[in-house]
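Each chain, written out:
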Amino acid sequence: MGAIEINGLVKDYGDVQALKGLNLNVEEGEVYGFCGPNGAGKTTTLKILIGLVFPTSGSAKVMGLDVIKKGVEVRKQIGYLPETYGLPRWDTPRKFLTYMGVLSGMTKDKLKSIIEEKAAEIGFTENLDRKIKGISKGNKQKIGIAQALIHDPEILLLDEPTTGLDPIGRNEVLNSMKALSEKGKTVLFSTHILSDVEKICDNVGIIHNGVLILEGAPESLKEEYGTKDLDEVFLKVAGHG
Amino acid sequence: MGNEIRLGNLIYCATFRLVFSIRGLIALLFSIYMVTMIAYIYDRLPDTFFELIRLFTEDSGLEFQWFLFDNGLSKAVTIFVAPLFIFDAVSGDRSDDRFGLMLARPITRTQYMLMKLMSAFFAFGIVFLPIMALGYPVFVDIVETLTPASYFGTILLLYLLAFFTLCVGLLISTLTKNTLVSFLALFGLMAIIMLPNASKYSSEALEKAAMATPHYYATYFTSHAMDALTYIGFVIVIILFSLPFLFLAIWKFKKESL
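Residue numbers (the numbering used here), protein chains in the order written: chain A, 1 to 241; chain B, 1 to 258.
Treat the hints loosely; a few may be bogus.
Stated by the list, open to error - Interface residues of chain A toward chain B, partial, derived using beta-carbon atoms under 8 Å: (1) Arg-75; (2) Lys-76; (3) Tyr-85; (4) Tyr-99; (5) Met-100; (6) Tyr-225.
Unchecked claim - Below, a list of computed lysine to aspartate or glutamate pairs in the EDC-like style, where the Cα atoms sit at most 16 Å apart: (7) A/Lys-183 with A/Glu-30; (8) A/Lys-133 with B/Glu-4; (9) A/Lys-140 with A/Glu-182; (10) A/Lys-108 with B/Asp-96.
Rather than coming from a laboratory, the hints here were simulated on the basis of the structure.
Backbone N, C-alpha and C fix where the C-beta goes; we use that ideal spot for every residue, glycine too.
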């Protein structure tokens, strides 16, 4: 049983078909890079897994549980970082993470120690009691990742976690993801930055116009297509090379 | 893993987030302002405050001041204070891109909506009930008798009226994408609902029109001729007016792709 199994997933937004029968499998404990250009269907796929968007047809399962029928059980096992999200500017990270923890069914007492632990785990360096509005973009992204980790999920879905970060921030976030996978977590992260994928992923899937056009280990894909990096592989497969 | 969601915990946490926020402060200041302003205009507070204390020790001879209550406080509360706690409950999360954070947790959408509604209801109560209880002398007059039952009954019925406002507000917040639009829509709608009540003494027709709003039942309460059964009936009527709005809001939200 894979950690994530998607079969024939279709999502229509009116006349626009965002997903056209997507098939995808992510094994337990692997870091899977879900790549593709903007508008390829990456965010829609993640939103379906988390239950924010309902599919038109097809099925999606997480740890063998249907994401529609067993949504609550699925979300107990998933930590999700959206592509865009608004942190409450006047909250402190501690207050915000406490709220997210309570929404995940945890008690405030239990959260007191967990928040410090998760902040250290992802390398959050600033004061947890400082207002979020004064915190750097890289550290805000780390708060985003911390909220996804707060209930100790087995699977992490991260939507464009490195977009908009400077090289140092990007590197820190990628290292955090790698460290999480070493602890046995399954990580599925979407990105259009293929160099990020090469650094940390066990497997990569490339989605284009709502269908998975390529899947495999980064090194074997480069070898197969005779290219130096995944960008060139993608351009070849998408017909632009 | 293995954490079970308790709705009570969610509501408790969300309530205090609302109370200790800018809106909580605005609601508190507005409530204080409202009561003291009326006290100042009618020059009532110094004398009647002591009369209020006597309510619980002997027959005070206080009577509910219908005009101030019905045309002053209850409308201001319904229009201005209660909506503050609900207008952006859903539309705020939508416009600030927070659904991905909130609804990725192991909660159902129904639990999310109930958390929003009940936290607003309790936050409103925490701010408003003490102010109302202390400000009550403004609305009593030394004419006939006012009992502790009618003192608490009136305050609680007014509080329940806020439940109706909050249910309407939750629906509006669910249907709108922008917090300003949801605030103006809720503010405007509540003002329209108040209009038949504001002019209900002008004619029999208007009084009948006023009866079509829960506000009528919440402010019908007077210090005389109100038995317990009638009171319970009014409570039921207000709840019956509120529930369709709540159910509609939950139904709409549950089937939406976010």
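>> Going through the numbered hints above, which ones does this structure break? Give me the numbers in ascending order.
In response: Hints 6, 8, 9 and 10 are the ones this structure does not satisfy, whereas the remaining hints hold.
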